[in-house]
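Participant: Just so you know, the protein sequences line up as chains A and B, in that order. Just remember that my numbering sits 151 ahead of the position in the first sequence, which is counted from 1. Just remember that my numbering sits 28 ahead of the position in the second sequence, which is counted from 1.
None of these hints come from the bench; they were simulated from the model. Each hint should be verified, as a subset may be incorrect.
As the list claims (entries may be wrong) - In silico DSS-like links for lysine-lysine, alpha-carbon gap of 25 Å or less:
| no. | chain 1 | residue 1 | chain 2 | residue 2 |
| --- | --- | --- | --- | --- |
| 1 | B | Lys111 | B | Lys143 |
| 2 | A | Lys173 | A | Lys157 |
| 3 | A | Lys230 | A | Lys267 |
| 4 | B | Lys171 | A | Lys197 |
| 5 | B | Lys139 | B | Lys171 |
| 6 | A | Lys275 | A | Lys209 |
| 7 | A | Lys173 | B | Lys111 |
| 8 | A | Lys209 | B | Lys420 |
| 9 | B | Lys426 | A | Lys173 |
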Amino acid sequence: MAYSDKVVDHYNNPRNVGALPKEDPNVGTGLVGAPECGDVMKLQIKVNEQTEIIEEAKFKTFGCGSAIASSSLATEWVKGKTLAEALEIKNTDIVKELSLPPVKIHCSVLAEDAIKAAITDWKKKHEQ
Amino acid sequence: MVKLPIYMDNHATTPLDPRVLDAMMPFFKDQFGNAASRNHKFGWEAEQAVEAARKQIAGLIGADPREIVITSGATESDNLALKGVAGMYREKGDHIITAVTEHKAILDTCKHLEKEGVRVTFLPVASNGLIDLDDLKKAITDKTILISIMHANNEVGVLQDIREIGRIARERGVLFHTDATQSIGKVPFNVNELNVDIASMSAHKMYGPKGVGALYVRRRNPRVLLTPIIDGGGHERGMRSGTLNVPGIVGFGKAAEIAAQELPQESARTFALRERLRTTMERELDELYINGDMQNRLPGNLNMSFAFVEGESLLMGINDIAVSSGSACTSASLEPSYVLKALGVGEDLAHTSIRFGIGRFNTEEEVDYVANRVIETVRRLRELSPLYEMFKEGIDLKTVHWATEN
Chain A
152 MAYSDKVVDH YNNPRNVGAL PKEDPNVGTG LVGAPECGDV MKLQIKVNEQ TEIIEEAKFK
212 TFGCGSAIAS SSLATEWVKG KTLAEALEIK NTDIVKELSL PPVKIHCSVL AEDAIKAAIT
272 DWKKKHEQ
Chain B
29 MVKLPIYMDN HATTPLDPRV LDAMMPFFKD QFGNAASRNH KFGWEAEQAV EAARKQIAGL
89 IGADPREIVI TSGATESDNL ALKGVAGMYR EKGDHIITAV TEHKAILDTC KHLEKEGVRV
149 TFLPVASNGL IDLDDLKKAI TDKTILISIM HANNEVGVLQ DIREIGRIAR ERGVLFHTDA
209 TQSIGKVPFN VNELNVDIAS MSAHKMYGPK GVGALYVRRR NPRVLLTPII DGGGHERGMR
269 SGTLNVPGIV GFGKAAEIAA QELPQESART FALRERLRTT MERELDELYI NGDMQNRLPG
329 NLNMSFAFVE GESLLMGIND IAVSSGSACT SASLEPSYVL KALGVGEDLA HTSIRFGIGR
389 FNTEEEVDYV ANRVIETVRR LRELSPLYEM FKEGIDLKTV HWATEN
């Protein structure tokens, strides 16, 4: 399968790889996918409580090149956005940006799910 | 410096040996005759060349040249063996025994035959990839006409005990077919020593050309008869009509001759390279799992799971090396390898599997390059892998509740 230049770039130079402390009240963690399905994404955000702006984002992904690129791109996009803005990122935007072929659309769906899961986790921490 | 890209996918196909090409060339040029033309020099030359090649092919497997039926390749050979026996022995019975790890050319042919009323038993395999001979014995009924069990598996390289399978078949008066596409030319294969009645083979898996293969069909003790699946001019003793692919057959013959001469040294050499690859990677990386039995295995095969690193992403990182993966993402069906599944390899590990196929033209230098590239890429991708991180934290991934809403 031929990959787009952008996928190759994210694969070779993934942005924001790493981990944030899970227990930090300002960190939201999203873990989506399953090893049996061949894709697991962990996306973490650090959010400013006052402004609800995502100040930092980190990811780790088990999956194909497109999955790695989708999550790498997702961390780039959420950084600097408010939670409300980040929730508006659609998988189709990722598909477009990375020129993903139809068989790889599920990678973009997973990245969108990861963003949402991280935000949900953060919000849960702040309900209490 | 090694020359890139490196080809290490010799189970998919093998490069043409230059000596084979040299043997073929005249038959693309001046000696273009039809081997079935009986009344001029062009035909005679072609026929002579085909008969010489048939002798070389028979010689490699200890057969009589008259027992070699030329086909277009192993898929056709498998089809002819199964459909040919099912058609010819319909009066005697309607039951075939095979195994779940067979090549699709066998499995899909069996499914086709099931639609025509043939009953098929698909034997399971143990975690080492081998069938249980007791299962086989129990599966035989008085309606069983054929046992078809492959010699070497194309994914995990595991060698079934076909000598014993053949013995059991003979004892019970059942014909025995083996798909020996991956093994002939790589390990010793003698139809009499191994009690084989019918065997499929292919030229392009042994440094010959694509588009030509053969079916060994025993003539004596027992004499095997097959209903043809291609009708026409009655070529190949009526079992396979169609004008013979003379250059291809000549190349197949030459490839068989070379394989027969060089097999002992070559299998020792590919085995040493395989072990060098395996031990280098095992020294540098943790959490590696070998798929399939290590004792009964093709010398050049290594099928390994690199836990926590998805196969397609690994292939992408070593894109100057040609190998293949059992990952779903690399298959058209988006399903992980059915062979690994049959061995009981979990889907999580199936997604991380890579098949290395070392062949005649691979060098030690290439093996070292491949090992180093794999080691460095696996390390890099594990840094990226949330699963490796969790594993290192001591989390049992089997107990994690995975959110799979998509």
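Participant: List, from low to high, the hint numbers that the structure doesn't satisfy.
Facilitator: Violated: hints 2, 4 and 7.
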